[in-house]
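Each chain sits in its own coordinate frame; assemble them with the hints.
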Amino acid sequence: AAGVIQSPRHLIKEKRETATLKCYPIPRHDTVYWYQQGPGQDPQFLISFYEKMQSDKGSIPDRFSAQQFSDYHSELNMSSLELGDSALYFCASSPRTSHSYEQYFGPGTRLTVT
Amino acid sequence: DQQVKQNSPSLSVQEGRISILNCDYTNSMFDYFLWYKKYPAEGPTFLISISSIKDKNEDGRFTVFLNKSAKHLSLHIVPSQPGDSAVYFCAASASAGTYKYIFGTGTRLKVLA
Numbered sequence: 001a002a003g004v005i006q007s008p009r010h011l012i013k014e015k016r017e018t019a020t021l022k023c024y025p026i027p028r029h030d031t032v033y034w035y036q037q038g039p040g041q042d043p044q045f046l047i048s049f050y051e052k053m054q055s056d057k058g059s060i061p062d063r064f065s066a067q068q069f070s071d072y073h074s075e076l077n078m079s080s081l082e083l084g085d086s087a088l089y090f091c092a093s094s095p096r097t098s099h100s101y102e103q104y105f106g107p108g109t110r111l112t113v114t
Numbered sequence: 001d002q003q004v005k006q007n008s009p010s011l012s013v014q015e016g017r018i019s020i021l022n023c024d025y026t027n028s029m030f031d032y033f034l035w036y037k038k039y040p041a042e043g044p045t046f047l048i049s050i051s052s053i054k055d056k057n058e059d060g061r062f063t064v065f066l067n068k069s070a071k072h073l074s075l076h077i078v079p080s081q082p083g084d085s086a087v088y089f090c091a092a093s094a095s096a097g098t099y100k101y102i103f104g105t106g107t108r109l110k111v112l113a
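Protein chains in written order, with the working numbering: chain Z, 1 to 114; chain A, 1 to 113.
In case anyone wonders, no lab produced these hints; they're calculated from the structure. In this text, all values refer to a predicted model and were calculated from it rather than measured experimentally. Even glycine gets a Cβ: it sits at the ideal position worked out from N, Cα and C. Fair warning: there could be bad hints in the mix.
To be verified - Quick look at which bits of chain A chain Z covers, simulated, 3 or more residues with Cβ under 8 Å:
id	stretch
1	69-75
2	104-111
Unchecked claim - Derived Cβ-Cβ restraints for the label pairs, each shown as a range:
id	chain 1	residue 1	chain 2	residue 2	range
3	A	GLU58	Z	GLU82	20 to 26 Å
4	Z	SER79	A	SER69	45 to 51 Å
5	Z	THR18	A	HIS72	39 to 45 Å
Okay, chain A solo, but in the shape it has when bound (with noise of 0.2 Å):
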C-alpha cells in the first residue's frame, strides 16, 4: 500500500516557465513533508520542508504548498532551470515518536533548454 504517491513518473518543462510537482498523501498522521531532489549516482539532496501546520513555504525559487483536507502537496519551482532536471521525492512522516520517512516513488523532471 503506496501511502505516499507521486502520479506522474515524468514531467517536461521549457526553461524559465513553472514546474508544479505534486504529490498525494494517503496516511492523515503525517504531519511532516519533505522534498528531495535526486541526479544519478547522487544520494537525495534536501531541497524543502512543510509542516502541517502551515500551507505554504518558500525557499527562493521552491515554494511547497500543503492542502490537509486533500491530503495534497505540490513543489512549485519558478522559474526553472536546465541544472533543475532531476527525479524529484516528496517523503512523508509521523512526526510525533518517530522520524522515519515514507517516500514518494518519484517524478522525473526534464527542463528544456
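Chain Z on its own, in the form it takes in the complex (with noise of 0.2 Å):
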C-alpha cells in the first residue's frame, strides 16, 4: 500500500540558511500534518492543513512556513535555520473526509544544521 513520502530524507544544511522539506500524503488523503522531533524528545506539532489551507497552528517558528497545494502535497519552509532546528521532521496525512482520526507517518527529514 503506499505510504506517506518524505524528501529529502536527510538534509544538512549551515546557520543561516533555508531548507525545503516535502511530503506527499498517502492518495486520497486532505490533511497533511508536521511533526518536529528533536532528539531523545516526543514529536512535536507544527502545523497542520487542510484542503490547502491551515487548520492548526502548534509550536511552529516564525521562521518556518508551509503550504499544501492543489495535489495535496505540502511543504516546509525554513529559513534561518539555527542549531536548535536540527532534528527529524516528520509528515503525517490522514482522511479527515471519511471521518478518520489517525494519522499515517512518513519516514521523516532528519535536519542537520552546522
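Okay, here's the thing in C-alpha cells:
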C-alpha cells in the first residue's frame, strides 16, 4: 500500500541557510500534519493543513512557513536555520473526510544544521 | 507543561508475557487517543485508537484501556513478541475543532526472547 513520502530523507544545512522539506500524502488523504522531533524528545506538532488551508498551528517558529498545494502535497520552508532546528521532521496524513482520526506518518526527514 | 505523560521511559518483558504501557494526561478536553509504535529511523506507525466514549478497544494482541476519571490509558500487548520491541508513543487530541495530537515522551519496550 502507498505510504506517506517525504523528501529528502536527510539534509545538512549551515546556520542561517534555508531548507525546504516536502511531503506527499497517501492518495486520497486531504489532511497533512508536520511534526518536529528533537533528539530524545517526543514529536511536537508544528502545523496542519486541510484542503490547502491551514487548519491548526502548534509550536512552529515564525522562521518556518508551510503550505499545501492543489495535489495535496505539502512543503515546510525553514529560513535562518539555527543549530536547534536539527531534528527529525515528520509529515503525517489522514483522510479527514472519512472521519478517521488516525494519522499515518512518513519516514521523516533528518535535518542537521551545522 | 507536558499534557501527555509516559512516566516509564523503558520496559523489559519476557517473550510470551504481557506488556503494559501506561500513559497519563492532564487535559480533560482530550477525547481521542492513539498509540503509535516507532522503530529507529522510521516514522511512527499507528497501532490502535480509542474514543472517550469507550473504555476499551481491542485489536488482535493489542488492547487499549481508558480510565477517564483517572485520566489514564494503558496499552496491553499479549502475548509479547520480540518484534514488538520499539518505542511506543501515546497521543491525545481534543477532537472538537482540532486534529492536532499531543504526544507523550515514549516508552521503549524490549521483549526478551
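Violations among the numbered hints: Numbers 1, 3, in rising order.
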